[in-house]
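Full structure from sequences and hints, please.
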Amino acid sequence: METTEEWIRSIRDGNEQVIGLLYDQFRAPFLNWSKYHYNLEEDDLIDVFQDSVIILYQKIAEERLTSIESSIKTYLFGIAKYLIFRKLKDKKRNPVEVDDIPDLEVDPIYFKQEEESERQLLLQNAINQLGPSCKRIVDFFYFYNYSLDAIANRMRYKNTETVKSQKQRCMQQLKKILESAKGNYE
Amino acid sequence: MSDLNPEEMREALRADLQKRWKAELQNREKPVPEISRKPVRWIAWAAAAMIALLIGLVLWLGSDSINEEELFATYFEAPINTYTSTQRGENDNSEIQSAMQAYEMADYDRALAILQDQPDSLLSDGASFYRGVAALAIGQTIEARQYLNEAAQGTYELSVEWFLALCDLKEKKYAESRQRLENITTNNKHPYVSGATDLLARLNKK
Chain F
1 METTEEWIRS
11 IRDGNEQVIG
21 LLYDQFRAPF
31 LNWSKYHYNL
41 EEDDLIDVFQ
51 DSVIILYQKI
61 AEERLTSIES
71 SIKTYLFGIA
81 KYLIFRKLKD
91 KKRNPVEVDD
101 IPDLEVDPIY
111 FKQEEESERQ
121 LLLQNAINQL
131 GPSCKRIVDF
141 FYFYNYSLDA
151 IANRMRYKNT
161 ETVKSQKQRC
171 MQQLKKILES
181 AKGNYE
Chain U
1001 MSDLNPEEMR
1011 EALRADLQKR
1021 WKAELQNREK
1031 PVPEISRKPV
1041 RWIAWAAAAM
1051 IALLIGLVLW
1061 LGSDSINEEE
1071 LFATYFEAPI
1081 NTYTSTQRGE
1091 NDNSEIQSAM
1101 QAYEMADYDR
1111 ALAILQDQPD
1121 SLLSDGASFY
1131 RGVAALAIGQ
1141 TIEARQYLNE
1151 AAQGTYELSV
1161 EWFLALCDLK
1171 EKKYAESRQR
1181 LENITTNNKH
1191 PYVSGATDLL
1201 ARLNKK
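Chains as they are written, first to last, in this note's numbering: chain F, 1 to 186; chain U, 1001 to 1206.
Hints listed in this document are in silico derivations from the structure and should not be mistaken for laboratory results. Please read these numbers as outputs of a predicted model, since none were measured by experiment. Hints should not be assumed to be uniformly reliable.
[What the hints assert, rightly or not] Chain F is faced by these chain U residues, among others (derived, beta-carbon under 7 angstroms): (1) D1016; (2) A1078; (3) K1170.
[As the list claims (entries may be wrong)] Lysine to aspartate or glutamate pairs mimicking DMTMM-like chemistry, simulated, CA-CA at most 25 angstroms apart: (4) K1019(U) x D149(F); (5) K158(F) x D1109(U); (6) K182(F) x E1077(U); (7) K176(F) x E1011(U); (8) K59(F) x E105(F); (9) K87(F) x E1024(U); (10) K59(F) x E1077(U); (11) K1030(U) x D1016(U); (12) K175(F) x E1070(U); (13) K1170(U) x E1069(U); (14) K1030(U) x E118(F); (15) K92(F) x D103(F); (16) K1205(U) x E1077(U); (17) K91(F) x E1029(U); (18) K164(F) x D1107(U); (19) K1019(U) x E42(F); (20) K1019(U) x E69(F); (21) K135(F) x E1029(U); (22) K1022(U) x E115(F); (23) K1173(U) x E1024(U); (24) K1030(U) x D24(F); (25) K1019(U) x D44(F); (26) K35(F) x D90(F); (27) K1019(U) x E97(F); (28) K87(F) x E115(F); (29) K135(F) x D44(F); (30) K158(F) x D1125(U); (31) K135(F) x E1150(U); (32) K164(F) x E1095(U); (33) K1022(U) x E16(F); (34) K1172(U) x E1069(U).
Beta carbons are placed, not taken as given, at the ideal position from N, Cα and C, and that holds for glycine.
Given below as structure tokens:
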């Protein structure tokens, strides 16, 4: 992919493989840049880069980020810079300000929760037990914020009524799986 | 369990994506072992021979394990369409005719998509049954089970039991599959008694 717009379009299309592509394309430049500027071990930098790629994908997928003025690489490094600062702070090391990369903040929702609620864990497991078309509908509707019309086009359903009824069916399935899981858990 | 709200759905999907891809990216960082250039010694030969022996043993033992994909492929056959050829009224609906034509051409994705379009109130056991079979044909076992269960109490009751047994098989629920097949074999007039007897024998061999 050449332009930032192409990256964004691909992510908005629901193509998760973009995470792998971003990782492979920018890993080496990131490590070269970050090792030069920051006093962190390579393992930590790799960890930061992995999180940064995933966060960037999620922000664009969820439409919390709809356009980027700089290149996608610069933005990605901006996310990583924020995460590096956090890690340096945890290790009580002083960060050095690097001016060519923007200062970005990352919404706490993108940080892995230390303690996920039982309900959340059950819900994540239940979603993974849905059939592929249900998982897709649920993903497009709740995560990618697609309209019913957009889902109908994307998944080649006849109209939005079909999407609505299919989504309803999928959510009923999800609830059944959850009820069953909760019963087994208790 | 109380209703699911959009925010918790979003949180779950976000967390799920994060976990899956973190694992994937960590996996990409695992070093690829280097091939040693040192001369092979007798210990290395002995180790290679042991490994070859173990692999052979595993394959020999494993040949008795259940290959559900192979069994499913052997025993699954979509039943012929008796729905639009014998029903009237509801099935004058050209959409349903199109769906069943697609079904007859083994275009199960299309058949399913068209049948899903139809309002539930207009559909009978027949549509649920063929929807279930179409979903099973393309590996959508959860949807298949739902549709087949919708058709379980009517005209298609006996056939539903057979296809649910295949659904269990595909999902590796061998105990449930065996139970259904055993039920089928107790009824000599069941349309699938022969297939069920055969499949049960193969499952019980494993």
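Now the hints, each set against the structure:
| no. | hint | verdict |
| --- | --- | --- |
| 1 | D1016 | 5 angstroms, holds |
| 2 | A1078 | 18 angstroms, violated |
| 3 | K1170 | 12 angstroms, violated |
| 4 | K1019(U) x D149(F) | 30 angstroms, violated |
| 5 | K158(F) x D1109(U) | 13 angstroms, holds |
| 6 | K182(F) x E1077(U) | 36 angstroms, violated |
| 7 | K176(F) x E1011(U) | 20 angstroms, holds |
| 8 | K59(F) x E105(F) | 12 angstroms, holds |
| 9 | K87(F) x E1024(U) | 22 angstroms, holds |
| 10 | K59(F) x E1077(U) | 45 angstroms, violated |
| 11 | K1030(U) x D1016(U) | 22 angstroms, holds |
| 12 | K175(F) x E1070(U) | 32 angstroms, violated |
| 13 | K1170(U) x E1069(U) | 7 angstroms, holds |
| 14 | K1030(U) x E118(F) | 31 angstroms, violated |
| 15 | K92(F) x D103(F) | 20 angstroms, holds |
| 16 | K1205(U) x E1077(U) | 23 angstroms, holds |
| 17 | K91(F) x E1029(U) | 23 angstroms, holds |
| 18 | K164(F) x D1107(U) | 23 angstroms, holds |
| 19 | K1019(U) x E42(F) | 21 angstroms, holds |
| 20 | K1019(U) x E69(F) | 29 angstroms, violated |
| 21 | K135(F) x E1029(U) | 29 angstroms, violated |
| 22 | K1022(U) x E115(F) | 18 angstroms, holds |
| 23 | K1173(U) x E1024(U) | 28 angstroms, violated |
| 24 | K1030(U) x D24(F) | 14 angstroms, holds |
| 25 | K1019(U) x D44(F) | 18 angstroms, holds |
| 26 | K35(F) x D90(F) | 18 angstroms, holds |
| 27 | K1019(U) x E97(F) | 31 angstroms, violated |
| 28 | K87(F) x E115(F) | 20 angstroms, holds |
| 29 | K135(F) x D44(F) | 33 angstroms, violated |
| 30 | K158(F) x D1125(U) | 22 angstroms, holds |
| 31 | K135(F) x E1150(U) | 21 angstroms, holds |
| 32 | K164(F) x E1095(U) | 19 angstroms, holds |
| 33 | K1022(U) x E16(F) | 12 angstroms, holds |
| 34 | K1172(U) x E1069(U) | 9 angstroms, holds |
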